[in-house]
Amino acid sequence: GCSGGGTGGGDETTPATEERDLTLKIGTILPQTGTLAFLGPPEEAGVGLAAADINEAAKGITIDDIVWGDSGDTDNKAYATTIQKLISEDVTAAIGAASSGVTKLFLDDAVAAGIITFSPANTSLDFTNWDDNGLYWRTAPADTLQGEVLGNVVAEDGHKNVAVLYQNDSYGTGLNEVFQEVFTGTGGEIVAEQSYNTGDTNFDAQISAILASNPDAIALITFDEIYTIGPALIAAGYPAEDLYLVDGNLKNFGSDEKWPAGVSMEGAKGTTPAGPAPDTEFQARLNDWWVADGNSELTDYSYANEAYDAVILLALASLAANSTDAADVAGKLQEVSGGSGDGEKCDNFADCADIILGGGTADYDGYSGPITFDEHGDPTEATIGVFQYGADNLYTRIDL
Amino acid sequence: MRRPKTGGLAKGDAVPGVAKNDPILVIDNVTRRFGGLTAVDVEHLEIPRHAITALIGPNGAGKTTLFNLLCGFDKPNSGTWSFDGKNLSGIPSFKVARMGQVRTFQLTKALSLLTVLENMKLGATAQKGESLWASIVPAIWRKQDNDIEAKAMELLTRFKLDAKSDDYAASLSGGQRKLLEMARALMSDPTLVMLDEPMAGVNPALTESLLDHILDLKDLGMTVLFVEHDMHMVRHIADWVVVMAEGKVVAEGPPDTVMQDPAVVDAYLGSHQDVDLGVVTGRVAGELDASAEELLEEIKEAEEASIAEAEEENK
Amino acid sequence: MVFLSAPTGARADAPDTPGGDQEQTDFYFGGVITYDDQPVEGVTMSIEGNGFEAETVTDAEGKWRLYVPEKEEYVLTVDEDTLPDGVIVDPEQLPEGIQPKQGTTASFDVAFGLTGSKIVNLFLGEGERITTSFWDQLIERLMNGINFGLLLALAAVGVSLIFGTTGLSNFAHGEMLTYGAVMALIFGVWLKVPMYITIPIVILLGAALGWALDAGLWKPLRRRGLGLVQLMIVSIGLSLAGRYVFQFFIGGGTYQLPGAGAPRDIVFGPIKLSWIDVASMAISIVLLVAVAYWLLRTRIGKATRAISDNPGLAAASGINVDRVIRIVWILAAALAAIAGVLWAYFRPGVKWDMGVQVLLLIFAAVTLGGLGTAFGALIGALIVGILVEISTLWIPPDMKYVGALAVLILILLVRPQGILGRKERLG
Amino acid sequence: MTDPSTAPGAGAAVKSDEVVVEVKDLTAGYLPGINIINSANLIARKGELIGIIGPNGAGKSTLLKSIFGMVKVRGGDITVDGESVVGLKSDKLVQRGVGFVPQTNNVFPSLSIEENLQMGLYQRPKVYAERLEFVTGIFAELGKRLKQRAGSLSGGERQMVAMSRALMMDPSVLLLDEPSAGLSPVRQDDAFIRVSDINKAGVTTIMVEQNARRCLQICDRGYVLDQGRDAYEGTGRELLSDPKVIGLYLGSLGADGV
Amino acid sequence: MDWGQIFNNTAYWFFSPETIAYALAATGLAVQFGFGGLLNFGMAGFMALGAYGYAISILSFGWPWWVGILVGCVAAVIFALILGIPTLRLRADYLAIVTIAAAEIVRLLLTTQLFDEWTNSADGLGGYHAGFRGANPFPKTGADGEPIIYGFGPWQWTADQLWVRVFGIILLAIAVYLVWAIMRSPWGRVLKGIREDEDAVRSLGKNVFSYKMQALMIGGVFGALGGVVFALPSAVIPATYTTSLTFFIWTILLLGGAATVFGPVVGSVIFWVIMGFLDNVLPVLAQSDIPIISLLSSQQAATLRFILVGVALMLIVIFRPQGIFGNKRELTFVK
Ligand SMILES: Nc1ncnc2c1ncn2[C@@H]1O[C@H](COP(=O)(O)OP(=O)(O)OP(=O)(O)O)[C@@H](O)[C@H]1O
Ligand SMILES: Nc1ncnc2c1ncn2[C@@H]1O[C@H](COP(=O)(O)OP(=O)(O)OP(=O)(O)O)[C@@H](O)[C@H]1O
Ligand SMILES: [Mg+2]
Ligand SMILES: [Mg+2]
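Protein chains in written order, with the working numbering: chain A, 1 to 400; chain B, 1 to 315; chain C, 1 to 427; chain D, 1 to 258; chain E, 1 to 335.
Calculated directly from the structure, the hints in this document are not laboratory data.
Possibly wrong hints are sitting among the right ones.
Quick list of in silico lysine-lysine cross-link-like pairs, DSS-like style, CA-CA up to 30 Å [to be verified]:
{"id": "1", "chain 1": "D", "residue 1": "K89", "chain 2": "E", "residue 2": "K140"}
{"id": "2", "chain 1": "D", "residue 1": "K72", "chain 2": "C", "residue 2": "K219"}
{"id": "3", "chain 1": "B", "residue 1": "K86", "chain 2": "B", "residue 2": "K5"}
{"id": "4", "chain 1": "D", "residue 1": "K147", "chain 2": "B", "residue 2": "K248"}
{"id": "5", "chain 1": "C", "residue 1": "K423", "chain 2": "B", "residue 2": "K95"}
{"id": "6", "chain 1": "D", "residue 1": "K144", "chain 2": "B", "residue 2": "K248"}
{"id": "7", "chain 1": "D", "residue 1": "K144", "chain 2": "C", "residue 2": "K423"}
{"id": "8", "chain 1": "B", "residue 1": "K151", "chain 2": "B", "residue 2": "K218"}
{"id": "9", "chain 1": "C", "residue 1": "K219", "chain 2": "B", "residue 2": "K248"}
{"id": "10", "chain 1": "D", "residue 1": "K147", "chain 2": "C", "residue 2": "K423"}
{"id": "11", "chain 1": "D", "residue 1": "K46", "chain 2": "D", "residue 2": "K72"}
{"id": "12", "chain 1": "E", "residue 1": "K140", "chain 2": "A", "residue 2": "K25"}
{"id": "13", "chain 1": "D", "residue 1": "K92", "chain 2": "C", "residue 2": "K219"}
{"id": "14", "chain 1": "C", "residue 1": "K71", "chain 2": "A", "residue 2": "K345"}
{"id": "15", "chain 1": "B", "residue 1": "K75", "chain 2": "D", "residue 2": "K147"}
{"id": "16", "chain 1": "B", "residue 1": "K75", "chain 2": "C", "residue 2": "K219"}
{"id": "17", "chain 1": "E", "residue 1": "K328", "chain 2": "C", "residue 2": "K219"}
{"id": "18", "chain 1": "B", "residue 1": "K128", "chain 2": "B", "residue 2": "K86"}
{"id": "19", "chain 1": "D", "residue 1": "K72", "chain 2": "E", "residue 2": "K328"}
Reference listing, derived: stretches of chain A covered by chain C, where coverage requires no fewer than 3 residues with Cβ under 8 Å from a Cβ of chain C [as the list claims (entries may be wrong)]:
{"id": "20", "region": "148-155"}
{"id": "21", "region": "232-244"}
Just so it is clear, CB atoms sit at the ideal spot from N, CA and C, and this is done for glycine as well.
Could you build the full structure based on these sequences and the hints that come with them?
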């Protein structure tokens with residue numbers, strides 16, 4: 001995102017009180033298949049619920065039937081056909097992809113076609129200076145914040161020798177880097193650092209290397225691999241209360257049939273971006289929407305918040321620009337996120353829409369945090385919540 | 001119809017390892033062992049130039065193995081040999097072939113999914129179009145290729161394969177493969193051609209006409225070394241015969257002499273080449289002459305001996 | 001170093017929770033003080049700067065927290081007098097990037113990062129951390145490697161048998177593993193059938209899959225006379241379809257089988273095993289021995305090799321080629337299914353693409369041992385399993401398969417026909 | 001005729017007029033549209049030794065293969081013991097007592113000699129010891145190297161293994177495709193005499209040979225196959241002395257008494 | 001979505017960079033396997049080297065884009081040498097496994113954080129387009145300053161997109177021409193002979209190793225060019241170059257016909273057209289009211305696509321085993 005503002009033409013002259021009658025068409029390019037397929041449902045639910053909320057609010061903008069597309073993974077190359085489908089459907093924005101690698105592979109095509117790419121989950125630094133005509137945006141918070149919070153949480157618990165197991169991709173390496181820097185800055189020491197590649201299915205060697213270093217605590221920077229790594233660590237006799245999780249793997253294991261029944265994570269902590277509102281009600285709504293759409297219950301909520309916020313922001317920007325043209329919408333995204341600095345805070349679509357329709361400038365703070373875009377389309381602000389697992393293997397927020 | 005044989009090949013008496021006046025291939029102390037079995041153990045052997053030499057010997061005598069060694073397809077445990085004065089030991093097989101020493105395989109190696117004609121053309125050497133860069137420019141090789149094709153067709157006609165020239169080699173019958181194998185080797189105009197049982201499985205009438213062809217080639221200066229079990233053929237064209245048994249050269253000399261050699265007769269030929277088997281087996285009326293009686297006797301003995309042996313082993 | 005005199009003066013009481021004695025703002029400094037790995041209680045910590053001053057005392061866990069009104073730089077001071085006798089704040093043991101202020105040993109400039117908290121931990125004295133020795137690690141991983149290798153062997157023997165009999169490199173073998181694991185998931189978890197019944201069911205279902213694949217796919221294809229490469233591509237298509245069929249039904253997540261994550265409480269020296277590990281190895285060994293017996297002692301075993309040499313001649317010898325191949329498929333699929341279950345316990349977890357992840361290792365094992373030799377596959381599998389587990393003692397863990405694959409290449413350079421493979425004669 | 005029973009090497013000839021193998025107007029081939037066998041006819045009666053000769057590519061092997069169910073039959077009929085065997089697979093024919101030695105690729109290279117022989121008895125492993133004795137009686141060399149892999153054998157040795165494999169099963173009908181190819185002269189004679197012996201023991205034998213003279217010497221009747229048709233038929237002796245056959249197929253080599 | 005649009009979206013794949021890239025790689029494989037009989041299962045490795053050679057040359061060393069392409073090709077040649085010298089004497093099926101392993105090693109080396117400075121590890125490289133786009137001969141904007149859209153119907157591209165395709169097709173055309181030229185020459189005959197029986201060819205005096213190596217290199221260079229074309233419009237991510245990429249290339253080769261000149265091109269088009277068609281048609285079916293299919297969620301429809309792709313590949317190979325252009329006759333004799 002080289003230019004967040006200024007590309008949209010003529011929006012400044014829009015009369016403040018004008019009625020809107022906009023139909024915004026968006027598509028998704030989220031993983032329905034492949035190794036990241038577990039991320040698809042919550043993200044799609046986020047998108048779907050946001051669209052439902054927007055349509056229900058009836059503020060002069062409707063979200064057309066969403067074009068659901070599959071990003072797949074780099075292995076099955078599903079994204080290649082999907083992005084073309086979205087382009088031919090003339091969407092204003094494509095929500096996706098989950099993995100930075102996949103986004104990179106189609107981003108240039110999307111930019112050439114002049115549609116917005118809005119990822120709820122990309123964290124790679126490379127996008128900051130991508131040649132994207134201001135069309136790339138993301139709601140996933142940068143690693144820097146979460147990494148620092150995680151480092152501080154581990155340190156404050158008094159751990160001195162800590163091991164990290166992280167995924168070798170932009171998500172894992174980025175977070176790991178910040179975490180290590182912060183943690184060593186507090187006086188602790190990283191005694192083992194092990195990574196694995198996405199798609200690996202066995203982590204034995206890594207786990208035994210970590211345990212061999214006898215750490216006081218282990219930070220697990222992973223996605224779904226937690227379902228394998230967690231039980232393996234606990235089986236090896238490592239105490240759950242010394243495990244630290246992150247947004248990629250902080251899940252309510254207690255209500256998850258995929259988690260082995262006997263394995264308790266009680267005491268383990270984790271960090272994840274979280275807005276001021278408690279998640280539980282939001283997650284219930286997500287789940288309701290998802291089930292009503294004919295799916296089985298959600299077991300995972302990773303990046304649902306970010307996906308939801310992405311759609312809301314797009315709709316607000318569209319309202320603000322009074323246009324569904326991608327360039328116009330992109331031109332307003334920074335503003336509605338509060339990036340122009342003078343917006344009025346609001347935390348749901350209807351309120352924000354009212355501000356915009358009333359001629360004001362909205363500053364949307366969503367479920368994934370306060371979200372303020374810089375001129376590159378990267379979120380600059382976030383609130384990171386700290387959570388802890390109880391005896392029921394469900395996590396609750398402890399930092400409030 | 002018999003053509004005169006080339007004589008005066010050896011420098012002395014026809015004993016194993018005798019020096020030749022003009023040897024093309026000289027073999028020294030070549031041995032090859034497989035586990036406990038010594039398949040080849042040749043002390044000294046010279047193959048005369050411009051002559052047809054037959055290599056005969058019982059099954060498993062080591063003839064094919066010797067061929068493999070001489071052509072670089074197998075590595076000996078020891079020994080050296082030279083072709084045309086050039087030391088060949090350790091030279092890879094394709095270089096041996098390029099020097100003009102070309103062989104055929106006993107178990108044929110047809111290039112299945114190439115047509116018969118392509119198989120033949122592959123046999124020609126020094127093709128300009130076989131280098132990668134030249135291959136892109138047909139002008140460089142087109143003419144040569146046409147010449148090769150003409151020559152190939154000529155050979156195929158002689159080998160009665162012309163009708164099959166556009167068929168895949170995989171569709172040839174067993175005998176036809178033998179023929180192709182041999183014709184292909186001849187495509188390269190070798191100095192020395194080594195044929196491993198070229199006529200096994202080839203129809204007798206055709207064999208006869210091909211032998212003439214080989215004799216023609218000899219007249220043109222080619223040297224032939226061949227392995228064969230068909231004694232008619234050996235007698236018909238060989239100028240010199242080398243007999244191997246259990247890896248060693250046990251006799252050599254002009255065909256008529258060697259085939260009278262009692263050792264050779266015993267170990268290999270059997271003394272009853274001309275006996276009518278129909279008579280021996282009692283299927284047709286006929287005089288059972290002395291040699292036939294002998295043959296039957298021998299067979300009986302051998303049978304009993306081997307049964308006894310097998311029994312012993314079973315115990 | 002300067003040793004200060006022993007602390008005197010009464011210690012203040014620590015708050016109930018760190019920082020509980022102060023007015024809570026959005027910004028705080030905090031940390032822990034330990035000496036020789038023991039928390040130090042009662043150390044007085046003070047903060048000062050920007051016209052603000054505060055003080056607190058560490059609690060029983062050595063923890064402290066000091067709230068400040070603004071996100072600015074402050075000076076943090078540790079009252080060294082309140083540390084245990086003879087203990088000072090050793091500059092060597094300070095956190096990275098923190099320096100004592102000029103002229104002091106226990107006052108530091110501290111600043112916030114991006115967030116509203118900054119932690120300064122002081123781990124004083126001689127901490128001791130007992131790490132596992134290299135040899136113990138090696139032995140432990142060797143054990144893991146054997147366990148892994150054995151389960152790979154179950155799959156590899158099947159691949160090898162199929163290759164040995166039909167010449168087909170079955171790229172769908174990974175899915176046959178996944179199939180076993182998924183069946184175990186369905187019966188063992190969803191239908192709550194006890195595991196000791198589930199496993200025989202899985203074996204039976206595996207056998208049924210093998211039967212169905214051969215009857216429905218491979219045999220008709222043999223009839224049509226498809227080439228081996230064509231068959232291989234069919235198996236690649238089958239693998240793709242199979243994998244996504246699993247994803248279709250179980251989604252992209254990871255599930256656990258009953259008992260997965262059982263504690264590793266069987267200890268022999270450095271080796272720690274769970275009863276699952278022991279059972280898994282036992283099952284592998286029993287099955288492998290049974291297969292070996294079958295191959296060596298029965299005529300069908302020999303027939304498999306005869307068919308791979310020359311199916312036409314095998315038929316001419318009176319071998320019912322189709323039947324033998326059918327048996328091989330059934331056997332291979334049953335072995336793969338059980339290997340899948342063991343793999344699900346070893347990882348641990350059942351996932352839609354768990355099988356294809358080890359496919360390459362299985363093939364490496366089969367090749368290493370010598371293509372088509374069942375015993376070679378066993379040896380190859382053990383080598384591969386062990387290498388994968390121990391190679392990361394030397395190489396970065398994200399390259400753990402590199403070691404095994406590189407060794408495969410190296411061994412083939414020395415023995416192009418694989419460990420137990422044999423050269424053909426020429427001519 | 002000498003009395004067969006007194007003639008040395010002769011067993012009790014079990015012959016009758018009962019037709020064991022009959023090929024009627026057979027057409028067969030490999031590639032679509034090209035028939036290799038064009039309405040060929042052949043009859044083998046019980047206990048007969050039939051020789052088939054002909055030029056290379058005449059279709060001799062194809063004929064044997066079609067009898068044995070290895071080539072698709074396009075027309076005509078093949079019966080064994082009066083029952084049509086068209087469409088039956090090879091292992092079914094083995095069950096009916098038909099044995100076959102192919103011309104090429106006739107051993108299992110990666111199996112040892114012993115295992116090769118066992119494969120010959122795949123359907124009746126019990127009688128192995130007995131049959132092994134019989135077979136090693138013929139090819140003594142093999143008995144000594146039972147553990148050697150067939151793939152490493154010399155051409156002639158392979159041929160012996162191939163023959164032995166077929167003989168292991170004690171067939172009632174034996175189809176031989178060039179059994180003598182690659183054998184040394186002594187062994188060739190041996191082989192022919194054995195075949196004759198086996199035949200006399202009642203095994204109906206059909207033998208394709210390029211060693212035509214030897215073949216015709218021992219066979220009861222011979223066929224000359226040319227371009228997929230049976231061009232000539234007669235007793236071995238008739239064919240041997242038929243000038244046309246000599247000119248076209250036998251050639252003069254070996255006939256000139258050398 | 002209507003059928004016209006489905007058709008358009010499907011037709012897009014006739015000229016997509018992916019199609020061209022896969023066709024190039026499959027052409028390389030045709031040289032190696034189709035004509036030379038080398039079971040190279042490491043095509044993904046060659047493609048990765050092409051793509052990374054290109055990207056790293058530009059990003060780390062600042063070389064011009066065409067030098068990058070040359071570097072990619074050279075990298076492929078070197079890889080072929082390293083791979084070939086020790087392994088070309090292996091039996092065909094051993095070679096298959098060794099090449100898979102080698103390609104995986106390449107991928108893992110590109111993924112590991114050890115060489116992060118150049119490879120950016122798992123995240124891959126992007127943003128190297130300036131040079132290539134700068135060389136674009138097609139005007140980007142018309143006189144009115146509006147971007148020019150070239151083409152018609154389903155094939156409408158910006159100048160940059162057109163340039164990628166034109167460039168890719170030129171490369172592909174050259175590759176196909178070369179294959180056609182060398183395979184009808186005596187060189188090609190030797191190579192085909194080696195495919196059938198290398199000992200026989202050796203006995204005729206041909207240096208088998210050298211021919212195999214040349215084939216491996218030529219195929220490798222085509223593969224690398226495929227990698228470059230794949231990377232030209234997008235980015236290079238190590239996870240792209242997995243074994244399944246190799247498998248797809250193989251499938252494409254066999255779809256078209258292994259020992260054919262145009263087979264790989266047609267195979268690639270078929271492959272991507274199937275992918276595109278299913279992606280477009282399945283969601284429509286899932287939303288239609290056709291029984292059973294309409295019960296699918298969009299997730300399941302997406303998954304179903306790959307099931308069907310797998311099944312389609314199987315069916316094509318089963319019912320046209322010789323490939324579209326292949327010679328049925330050959331099939332009678334394959335082992
Ligand atoms: N690779 C090998 N391993 C073990 N033994 C071998 C190998 N190659 C050959 N032999 C043995 O060496 C001996 C010689 O074999 P060779 O093929 O040279 O015989 P030959 O004289 O050509 O016989 P024939 O006339 O039957 O073709 C045989 O007994 C054979 O079994
Ligand atoms: N698999 C095959 N596919 C196509 N054609 C074949 C095949 N096998 C043999 N032929 C052709 O069929 C014809 C007869 O072959 P066959 O093997 O029956 O000959 P044959 O009489 O046994 O000859 P030989 O004496 O050389 O063994 C030959 O022209 C041959 O080219
Ligand atoms: Mg020989
Ligand atoms: Mg024949």
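Now for the hints, and whether the structure bears them out:
no., hint, in the structure
1, D/K89 with E/K140, "violated, 69 Å"
2, D/K72 with C/K219, "holds, 18 Å"
3, B/K86 with B/K5, "holds, 28 Å"
4, D/K147 with B/K248, "holds, 24 Å"
5, C/K423 with B/K95, "holds, 23 Å"
6, D/K144 with B/K248, "holds, 20 Å"
7, D/K144 with C/K423, "holds, 22 Å"
8, B/K151 with B/K218, "holds, 18 Å"
9, C/K219 with B/K248, "violated, 50 Å"
10, D/K147 with C/K423, "holds, 16 Å"
11, D/K46 with D/K72, "holds, 26 Å"
12, E/K140 with A/K25, "holds, 27 Å"
13, D/K92 with C/K219, "holds, 18 Å"
14, C/K71 with A/K345, "holds, 22 Å"
15, B/K75 with D/K147, "holds, 24 Å"
16, B/K75 with C/K219, "violated, 42 Å"
17, E/K328 with C/K219, "holds, 20 Å"
18, B/K128 with B/K86, "holds, 25 Å"
19, D/K72 with E/K328, "holds, 18 Å"
20, 148-155, "holds (count 5)"
21, 232-244, "holds (count 5)"
Of the numbered hints given earlier, the model fails hints 1, 9, 16; all others are met.
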